[in-house]
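Peer 1: Residue-level listing of the chains:
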Amino acid sequence: GAVVSQHPSWVICKSGTSVKIECRSLDFQATTMFWYRQFPKQSLMLMATSNEGSKATYEQGVEKDKFLINHASLTLSTLTVTSAHPEDSSFYICSATEDSYEQYFGPGTRLTVT
Amino acid sequence: ILNVEQSPQSLHVQEGDSTNFTCSFPSSNFYALHWYRWETAKSPEALFVMTLNGDEKKKGRISATLNTKEGYSYLYIKGSQPEDSATYLCAFSAGNMLTFGGGTRLMVKP
Chain U
91 GAVVSQHPSW VICKSGTSVK IECRSLDFQA TTMFWYRQFP KQSLMLMATS NEGSKATYEQ
151 GVEKDKFLIN HASLTLSTLT VTSAHPEDSS FYICSATEDS YEQYFGPGTR LTVT
Chain V
8 ILNVEQSPQS LHVQEGDSTN FTCSFPSSNF YALHWYRWET AKSPEALFVM TLNGDEKKKG
68 RISATLNTKE GYSYLYIKGS QPEDSATYLC AFSAGNMLTF GGGTRLMVKP
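Protein sequence lines, in the order shown, are assigned to chains U and V.
If you use the working numbering, the first sequence corresponds to residues 91 to 204, in order.
If you use the working numbering, the second sequence corresponds to residues 8 to 117, in order.
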């Protein structure tokens, strides 16, 4: 149980385009989903926390207009990187929780912006 | 800014060796300490969630201890196997948000 999927696992896009990443909880209802980002040789850094049906809470330094998060249902959250630039190239990973205690992670998405 | 540190950053051991690594975290506002095992191209897998000072948890050959007063946790692997090769992450939570350490990358040679 407690499986989280993420799609796509790998994406290359051109500078200036937008990319949408989906995070789904497959066998449980996720009251809260989290989006993380990892730069090479660094820790997973929390970008934002989203609760179903409400606006996401962004961490300091994360541009909410650039990283649009939608959590429209208890099993799906999306992260849209708008007007992507090469510096947005990174590894993005989501997690989901149903009880705010244990987080279950997706496999991540490698984004490369050319 | 919460500081969660893991050491060593990487570790090479021979099959059959026992090993351990450390996670240090703030000792104030402690809620839980999580350990994850992360294999390449897979999702991080939850190993342990520890909440009480003095907690010891075990899962097969892997065990962990927790000292919340001094702010550290140890993860032990007994008789390492090649399939234990992965990055081991710890994460501190003061609520429902996790702050991760940089991970310890373990490589077990057959």
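Quick caveat, the hints were computed from the structure, so don't treat them as lab data.
The C-beta atom is built at its ideal place from N, Cα and C for all residues, glycine as well.
Check the hints yourself; a few may be wrong.
Claimed, not checked - Partial pick of chain U residues on the chain V-facing surface, computed with a CB cut under 7 angstroms:
{"#": "1", "residue": "134"}
{"#": "2", "residue": "148"}
{"#": "3", "residue": "150"}
To be verified - List of simulated lysine-lysine pairs, BS3-like, C-alpha gap at most 25 angstroms:
{"#": "4", "chain 1": "V", "residue 1": "66", "chain 2": "U", "residue 2": "110"}
{"#": "5", "chain 1": "U", "residue 1": "110", "chain 2": "U", "residue 2": "154"}
{"#": "6", "chain 1": "V", "residue 1": "64", "chain 2": "V", "residue 2": "76"}
{"#": "7", "chain 1": "V", "residue 1": "76", "chain 2": "V", "residue 2": "49"}
{"#": "8", "chain 1": "U", "residue 1": "156", "chain 2": "U", "residue 2": "145"}
{"#": "9", "chain 1": "V", "residue 1": "64", "chain 2": "V", "residue 2": "49"}
{"#": "10", "chain 1": "V", "residue 1": "116", "chain 2": "V", "residue 2": "66"}
{"#": "11", "chain 1": "U", "residue 1": "131", "chain 2": "V", "residue 2": "49"}
{"#": "12", "chain 1": "U", "residue 1": "131", "chain 2": "V", "residue 2": "76"}
Stated by the list, open to error - Label-pair restraints from in silico Cβ distances:
{"#": "13", "chain 1": "U", "residue 1": "116", "chain 2": "V", "residue 2": "66", "range": "41 to 51 angstroms"}
{"#": "14", "chain 1": "V", "residue 1": "117", "chain 2": "U", "residue 2": "155", "range": "32 to 42 angstroms"}
{"#": "15", "chain 1": "U", "residue 1": "156", "chain 2": "V", "residue 2": "36", "range": "28 to 38 angstroms"}
{"#": "16", "chain 1": "U", "residue 1": "98", "chain 2": "V", "residue 2": "52", "range": "42 to 52 angstroms"}
{"#": "17", "chain 1": "U", "residue 1": "147", "chain 2": "V", "residue 2": "16", "range": "26 to 36 angstroms"}
{"#": "18", "chain 1": "U", "residue 1": "181", "chain 2": "V", "residue 2": "66", "range": "37 to 47 angstroms"}
{"#": "19", "chain 1": "U", "residue 1": "173", "chain 2": "V", "residue 2": "76", "range": "15 to 25 angstroms"}
{"#": "20", "chain 1": "U", "residue 1": "181", "chain 2": "V", "residue 2": "10", "range": "37 to 47 angstroms"}
{"#": "21", "chain 1": "U", "residue 1": "102", "chain 2": "V", "residue 2": "25", "range": "19 to 29 angstroms"}
{"#": "22", "chain 1": "V", "residue 1": "25", "chain 2": "U", "residue 2": "104", "range": "43 to 53 angstroms"}
{"#": "23", "chain 1": "V", "residue 1": "77", "chain 2": "U", "residue 2": "102", "range": "39 to 49 angstroms"}
Peer 1: Broken hints, numbered, in rising order?
Peer 2: Violated: hints 2, 3, 4, 7, 12, 13, 14, 16, 18, 19, 20, 21.
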